[in-house]
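Undergrad: Residue strings, one per chain:
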Amino acid sequence: MTRRGFLLLVPLALIGIQPPAHCANAESILRRTYKADRLYSYVGRQEATLSLWGSPTKFQLMFLHQRPNRDMQWPIRPDDNRDHPAGPGPGPGRFMPRGPQGRRLPAEERLSLLLRNYRLKREGTGQVAGRKATVLSISPRRPGNPSQTLWIDDDTGIVLRNQLRNCFGAMVSDTAFVKLDLNPGPANKLPFPDPPKRPEPGFLLLRPTYVPTGYQYVATEGIEIRGQQAAHLMYTDGLNTISLFQRIRKDEPPVDDPHRDGPRRDPHPGPLPPWARRGDPHKAPIQIVKRHLEDRSVTLIGDIPRPELEKMAGSLR
Amino acid sequence: MECKRARAALLESPRYRAEELPLPVRDHLSACPGCQREARILAAMGDALAARRQVHCPVDIAPWVALRAQERTPGRTWSVPTSPLRRRLALGAVLAVLLGVGLWHRPQQPVAVRPGNAAATRLAEAEVVDTYLEAYAEFRGTQAPGTKQGVGVVVSQLRSDQDQVGDPEAGQP
Numbered sequence: 006m007t008r009r010g011f012l013l014l015v016p017l018a019l020i021g022i023q024p025p026a027h028c029a030n031a032e033s034i035l036r037r038t039y040k041a042d043r044l045y046s047y048v049g050r051q052e053a054t055l056s057l058w059g060s061p062t063k064f065q066l067m068f069l070h071q072r073p074n075r076d077m078q079w080p081i082r083p084d085d086n087r088d089h090p091a092g093p094g095p096g097p098g099r100f101m102p103r104g105p106q107g108r109r110l111p112a113e114e115r116l117s118l119l120l121r122n123y124r125l126k127r128e129g130t131g132q133v134a135g136r137k138a139t140v141l142s143i144s145p146r147r148p149g150n151p152s153q154t155l156w157i158d159d160d161t162g163i164v165l166r167n168q169l170r171n172c173f174g175a176m177v178s179d180t181a182f183v184k185l186d187l188n189p190g191p192a193n194k195l196p197f198p199d200p201p202k203r204p205e206p207g208f209l210l211l212r213p214t215y216v217p218t219g220y221q222y223v224a225t226e227g228i229e230i231r232g233q234q235a236a237h238l239m240y241t242d243g244l245n246t247i248s249l250f251q252r253i254r255k256d257e258p259p260v261d262d263p264h265r266d267g268p269r270r271d272p273h274p275g276p277l278p279p280w281a282r283r284g285d286p287h288k289a290p291i292q293i294v295k296r297h298l299e300d301r302s303v304t305l306i307g308d309i310p311r312p313e314l315e316k317m318a319g320s321l322r
Numbered sequence: 029m030e031c032k033r034a035r036a037a038l039l040e041s042p043r044y045r046a047e048e049l050p051l052p053v054r055d056h057l058s059a060c061p062g063c064q065r066e067a068r069i070l071a072a073m074g075d076a077l078a079a080r081r082q083v084h085c086p087v088d089i090a091p092w093v094a095l096r097a098q099e100r101t102p103g104r105t106w107s108v109p110t111s112p113l114r115r116r117l118a119l120g121a122v123l124a125v126l127l128g129v130g131l132w133h134r135p136q137q138p139v140a141v142r143p144g145n146a147a148a149t150r151l152a153e154a155e156v157v158d159t160y161l162e163a164y165a166e167f168r169g170t171q172a173p174g175t176k177q178g179v180g181v182v183v184s185q186l187r188s189d190q191d192q193v194g195d196p197e198a199g200q201p
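Residue numbers (the numbering used here), protein chains in the order written: chain Y, 6 to 322; chain R, 29 to 201.
Below, in silico cross-link-like pairs of lysine to aspartate or glutamate (DMTMM-like), each with a Cα-Cα straight-line distance of 25 Å or less:
id : chain 1 : residue 1 : chain 2 : residue 2
1  : Y       : K255      : Y       : E299
2  : Y       : K255      : R       : E162
3  : Y       : K255      : Y       : E229
4  : Y       : K316      : R       : E153
5  : Y       : K63       : Y       : D179
6  : Y       : K63       : Y       : D85
7  : Y       : K255      : R       : E155
8  : Y       : K202      : R       : E153
9  : Y       : K202      : R       : E162
10 : Y       : K126      : Y       : D160
11 : Y       : K126      : Y       : E114
12 : Y       : K40       : Y       : D159
13 : Y       : K63       : R       : D158
14 : Y       : K63       : Y       : E52
15 : Y       : K137      : Y       : D160
16 : Y       : K202      : R       : E155
17 : Y       : K255      : R       : D158
18 : Y       : K137      : Y       : D159
19 : Y       : K63       : Y       : D76
20 : Y       : K184      : Y       : D85
21 : Y       : K137      : Y       : E32
22 : Y       : K40       : Y       : E113
23 : Y       : K63       : Y       : D186
24 : Y       : K202      : R       : D158
25 : Y       : K40       : Y       : D186
26 : Y       : K316      : R       : D158
27 : Y       : K63       : Y       : D84
28 : Y       : K316      : R       : E162
29 : Y       : K255      : R       : E153
30 : Y       : K255      : Y       : E205
31 : R       : K32       : R       : D55
32 : Y       : K40       : Y       : E128
33 : Y       : K126      : Y       : E32
34 : Y       : K126      : Y       : E113
35 : Y       : K40       : Y       : D160
36 : Y       : K63       : R       : E162
37 : Y       : K40       : Y       : D76
The set of hints was computed from the structure by calculation and includes no laboratory data.
Bound-form chain Y, shown alone:
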């Protein structure tokens, strides 16, 4: 009888001790992606589909990664069949990182932060650019944060495909490699521009007393815009980010408070780029909140519901 009871308790204890198998798997798979960029250089063609305001737009990109941390991507024409670029193609290229690495939390810290705020789930397997991949979904534990689905290369841990949904669940982008070469060859020798120096902001910073749940402060950087200094305060929850910019105001039109005179037709107060004025602002891929506080012009950008950004802006002291 005692032996029977013991045999019954063992599997129950094992179930209690061990985390669910798919979770453990998902975490180890995700952990590999943090290491992949340090281990491999690669070049490839990507196809991106953007659904910023309902109508999906497709275009192609060349993506080059030089280990450990240098990335470059630029748009290419669909008829451009070159797989190994001799240099940046036509159109605006994007180099990353452009600044020092101080803004980045250590990999372990980023991963643990992500795991605190997001759920991982292994969705199955797939194939991207002729390579076997594991599909992993990252969904927020709290509503109002973005979600991602990643296709992770089984051999290397490189992210082959990335689907990004904004905090409202609307699809924002779907980027996938159509060709991937782990031997970039000459492209691996392409020079990257030196990252510009980021000066310390030369004024006293306002800091928020409220930060959305799960987010933590990362770093502050100085930016120069039209000869004027601005500060970039960075917050992250491991996946999503909030950027808080502030600078000393100079002869700028006042930013209207949208709640002052009742609802406004224009949901974005103050002058904004035309794209920010289009479409349904609640489905916009990025929310922008602007405020004038004392002598400061403050802008918050993040993929997070607008009230959260407004609350954060209102808590600046």
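Keeping the supplied structure of chain Y fixed, place chain R upon it in accordance with the hints.
TA: Chain R alone, transformed into the frame defined by chain Y:
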């Protein structure tokens, strides 16, 4: 003889006034009816000439008209003699009207967004937001695996979208 000397003195007197003549002449005038009539006529003529000079009327205008003009009450003339208080009140009224007109035409928007420089302000502001977006994308791209690709693409597209529009007010969905 007395009458001749009296009328000569009367003609030489200022404004033909008998009151200003010497006493012997005045005694004669009071006793002589002919000289009295002459004195009345000369006095009237002197008043008419004085009135014509005062109202600056043409030379050929009738003396009685000039006299009537002189007799007009101040309230019925163009040039109203004004008191200092009236002048101040009038000045205050004019200033109040000018201030009212100025406030009425005062632009509802601040100077920086008047139509003249609104485009420049929008461009400058778009440049600022563009720089912010760059920094946001760079930062976001450093956080989660694979994000550098997705976010970079989104922001690139937003930027090119912005470039294609050109005129900031011409945005069409």
